[in-house]
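Produce the complete structure using the sequences and hints provided.
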Amino acid sequence: MTRYSAFSLLRNALSHNRDWQPAWRDPDPKPEYDAVIVGGGGHGLATAYYLAKEHGMKNIAVLEKSWIGGGNTGRNTTIVRSNYLWTEASLLYEHALKLWEGLSQELNYNVMFSQRGVYNLGHSLQDMRDIERRVNANRLNGIDAEIVGREQIKRAIPALNTATSARYPILGASLQPRAGVARHDAVAWGYARAADALGVDIIQQCEVTGIRREAGRVSGVDTTRGFIKSPKVGVVVAGNASVLATMAELRLPVESHPLQAFVSEPLKPLLDTVVMSNAVHGYISQSDKGELVVGAGIDAYLGYGQRGSFPTIEHAAQAIIELFPVFSRVRLMRTWGGTVDICPDACPIISKTPVNGLYFNCGWGTGGFKATPGSGWVFAHTMAQNRPHDLNAPFDLQRFTTGALIDEHGAAAVAH
Amino acid sequence: MLLIECPWCGERAETEFSYGGEAGISRPEDPQALSDEAWADYLFNRSNPRGAHRELWNHSQGCRRWFGVQRDTVSYAIEGSYPLPFDGKNYAG
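One line per chain: the protein sequences are W and L, in this order.
Under this note's numbering, residue 416 is the last one in the first sequence; the count climbs by one each step, no gaps.
Under this note's numbering, residue 1093 is the last one in the second sequence; the count climbs by one each step, no gaps.
A couple of the hints might just be wrong.
[Claimed, not checked] In silico SDA-like links for lysine to any residue, alpha-carbon gap of 20 Å or less:
1) W/K352 with L/R1046
2) W/K352 with L/A1040
3) W/K232 with W/D34
[Claimed, not checked] Which stretches of chain L does chain W cover? Using the computed rule of at least three CB atoms under 8 Å from a CB of chain W, they are:
4) 1001 to 1015
5) 1050 to 1060
6) 1068 to 1080
Treat the hints as calculated values from the structure; they're not laboratory data.
Every residue gets a Cβ at the ideal spot worked out from N, C-alpha and C, and that includes glycine.
Here it is, written out as structure tokens:
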């Protein structure tokens, strides 16, 4: 792998940029691997990378039915934060945030992680009580969090309507200064390149059509490019988790819903942080290109169509205009939808399954992007050691039987 | 936007309705007799299919009655709606 540096930029500039090599190979699938990851999104590629780097496995394939990073990794609003309420969740997301902080250096690929802070607004006394509870919980878990008042918000975000006469007046907010945004495509590409350099085969246009089992053990996967034998199969397919689970005759407590987002036309810089509001249900940041990036909620119904209904977009736009009346005449440039797998407790499943050698990492719902490095890290540990890491042990599939749910609905401060 | 046919009011915009989840899940007759696994399966596990899905909708901004809809979860095409209880007809046909 050619190392990217200022020097390599200069050297390639001198040769008119004709000598750049592809960032990863395009190999044909081998008949057998030590581990197969199904799903070439950020989480799957990160899993492959950490399996190779931390656990010394070299004979690994990532199977992607389309192109890498083309699903939810390329369809989210790129917010990264760890201010979750419950200890189990906040430690998992904080582990991811710590990995984010060194990720560009680690991968030698600029993931453009920008720690610009995230404000979660409170519009009522109850909102503020919930925010205080969450901030205190965060601080007890060693996560940076603070409560800020209206005056400080007004200074930090001048475009925000902080008038007390607003329909939903802003009373205060929680602020996580280390939170921020990252460049979603770069995360997939960076992990792909780094995993490829460690010998991982990234196989695109290869859809898994069946999961073969022998005597309660997984033996491999049938794909559109033939049977691939493997003693370990990790499934990281977000919205399609139930489809893959059905192939192994498992039932999962997840439901797939459309989640939409949109960007505006590019504007001059005017929002240098991330603003989220639970009460009016919207979240917004401004990309480096100048587009306002706005996220909506999920559509209520099941949907695999990677698109949702217009009323949901309208609802999110209303929320943003309530917060920022100055955006009322900004034009939308592009909308899109992804398919997210929602768990009953809004927390992921990173777990072994009743089938030996078959592992599932799913149920991230609307907030998986922020966890990409941590998710891959704990899932690689689970697959390599055949037991969960302490960080993901609470996120076992068994919690739905034992009742030990981790209820982050609402507590986690709005969608993601 | 979906155009949903209420069996009593006819075709109306999606915004008049509330979604009620997968249809055909009945509360177990004797919950005490169930294992934890079977109770968890009833409570949390869902078929979540890619394709035809029978689901409940409520005409919450209209007649406020519950009914069933068969809908394709990929194309979102509504294949039929029916008053409850389900009479076993396959609306995909």
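For each hint, the structure was consulted:
1. W/K352 with L/R1046: holds, 19 Å
2. W/K352 with L/A1040: The hint holds at about 17 Å.
3. W/K232 with W/D34: holds, 7 Å
4. 1001 to 1015: Check passed, 4 qualifying residues.
5. 1050 to 1060: Satisfied; 3 residues make the cut.
6. 1068 to 1080: holds (count 5)
Checked against the numbered hints listed earlier, the structure breaks none of them; every hint is satisfied.
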